[in-house]
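Same order as they appear, the protein sequences are chains A and B.
Using the numbering used here, read the first sequence as starting at 1 and increasing by one per residue.
Using the numbering used here, read the second sequence as starting at 1 and increasing by one per residue.
One or more of the hints may lead you astray.
Stated by the list, open to error - Okay, derived cross-link-like pairs now, DSSO-like style, lysine-lysine, Cα gap no bigger than 27 Å in a straight line:
1. B:LYS54 to B:LYS69
2. A:LYS7 to A:LYS62
3. A:LYS62 to B:LYS69
4. A:LYS7 to B:LYS41
5. A:LYS62 to B:LYS35
6. B:LYS41 to A:LYS62
7. A:LYS78 to B:LYS69
8. A:LYS81 to B:LYS54
9. B:LYS69 to B:LYS35
10. A:LYS78 to A:LYS7
11. A:LYS7 to A:LYS81
12. A:LYS62 to B:LYS54
13. B:LYS69 to B:LYS41
14. A:LYS78 to A:LYS62
Think of the hints as simulated: they come from the structure by calculation, not from any bench.
Owing to the predicted nature of the structure, the values given are computational and were not obtained by experimental measurement.
This is what each chain is made of:
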Amino acid sequence: MANSRIKVPESARVGEAVEIRAMVMHPMENGYNVDTQGTTIPVHIITDFVCRYDGAEVIRVKLEPGLSANPFFSFYLKATKTGAVDFEWVDQDGTVTTAGATLRVG
Amino acid sequence: MNRRDALTAIGSGATLILLPLMSFAGDQDVTDAIKSVFGGKPMRNGRVTLELPKLAETGNSVPLTLSVKSPMSAHDRVLRACIFASRNPRPLIATMTFGPHAGSASFNTNIRLSGTQDVIGIAEMSDHSLWRTQVRVFVTVGACDALQTRY
């Protein structure tokens, strides 16, 4: 469904807090826009975003229509060991978008 | 009726006429929204920092940085943080839950604002204490204004 962009640094030192950026293409319709026929476009949003690393969650966001279209997040991850950083966005219809990268630590 | 009474009457009359025009959420709605999330527990000012532009030309995308002063150790950390907008039709904007691998309690995103209003950031610590901050943002064109052209 959606197109996503993530930015994870290639390598980090142990214990370093690295910045992670994640964005997904999504209209995040807030229910207040009208189409060319004048009818209201219903709410259509991503409801949940999760970033996982080394078997545990880094951050979990509960999204509301008050977030901009193409929701972008940047946050910090504490590097412990080399592993996969996985991203997951869940749409209100249950559509799941995933992305992932590997962080090399050491 | 003297001059002062007459002016007061005119003033209150104007307020009554203007009230139905304010269809967006008022400050009472944001109080209710905060209460429904945090259950009316006492809050203290401080520890949370919100960075927003003082003036936003469009309310469709306003960059926001929320950071909380916390060591983020196993025993002293931020559990979750919420962003509220005092006059948005839906005051709650986002809830962030920080997991065990969060490097720092700092978070950046873009939000929608319906007009000039206060943005409120509230953080819940691992000892369940609540901290809040409030920032005023001036918005030229709100996100809920129906624009014919979308950009």
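**Item:** Pair hint LYS78 of chain A and LYS62 of chain A, alpha-carbon separation not exceeding 27 Å
**Value:** holds (21 Å)
**Message:** Tell me if the straight-line CA distance from LYS54 of chain B to LYS69 of chain B falls inside 27 Å.
**Reply:** Holds, at about 22 Å.
**Request:** Assess, step by step, whether the Cα of LYS81 of chain A is no farther than 27 Å from the Cα of LYS54 of chain B, and give holds or violated.
**Result:** It is violated: about 40 Å lies between the C-alpha atoms, which goes past 27 Å.
**Asked** Has the given pair, LYS62 of chain A with LYS54 of chain B, been kept, meaning a C-alpha gap of at most 27 Å?
**Response** Within the cut-off at roughly 26 Å; holds.
**Message:** Holds or violated: LYS69 of chain B and LYS35 of chain B, Cα atoms, limit 27 Å.
**Reply:** Holds, because 23 Å separates the two Cα atoms, which is no more than 27 Å.
**Request:** Take a quick look at whether LYS7 of chain A and LYS81 of chain A sit within 27 Å of each other, Cα to Cα.
**Result:** holds (18 Å)
**Prompt:** CA of LYS78 of chain A to CA of LYS7 of chain A, is that 27 Å or under?
**Reply:** The given pair, whose Cα atoms are some 15 Å apart, holds under the 27 Å limit.
**Request:** Measure nothing beyond the straight line between the CA atoms of LYS69 of chain B and LYS41 of chain B; if it is 27 Å or shorter, mark the hint as holding.
**Result:** holds (20 Å)
**Message:** Next pair to validate is LYS78 of chain A with LYS69 of chain B; report whether the Cα-Cα distance is within 27 Å.
**Reply:** Given pair LYS78 of chain A, LYS69 of chain B holds - Cα atoms ~16 Å apart, limit 27 Å.
**Item:** Holds or violated: LYS7 of chain A to LYS62 of chain A, with C-alpha atoms at most 27 Å apart
**Value:** holds (21 Å)
**27 Å limit on alpha-carbon distance, applied to hinted pair LYS62 of chain A and LYS35 of chain B** = holds (17 Å)
**Message:** Between the alpha carbons of LYS7 of chain A and LYS41 of chain B, is the straight-line distance 27 Å or under?
**Reply:** violated (38 Å)
Violation of the numbered hints given earlier is confined to hints 4, 8; the remaining hints are satisfied by the structure.
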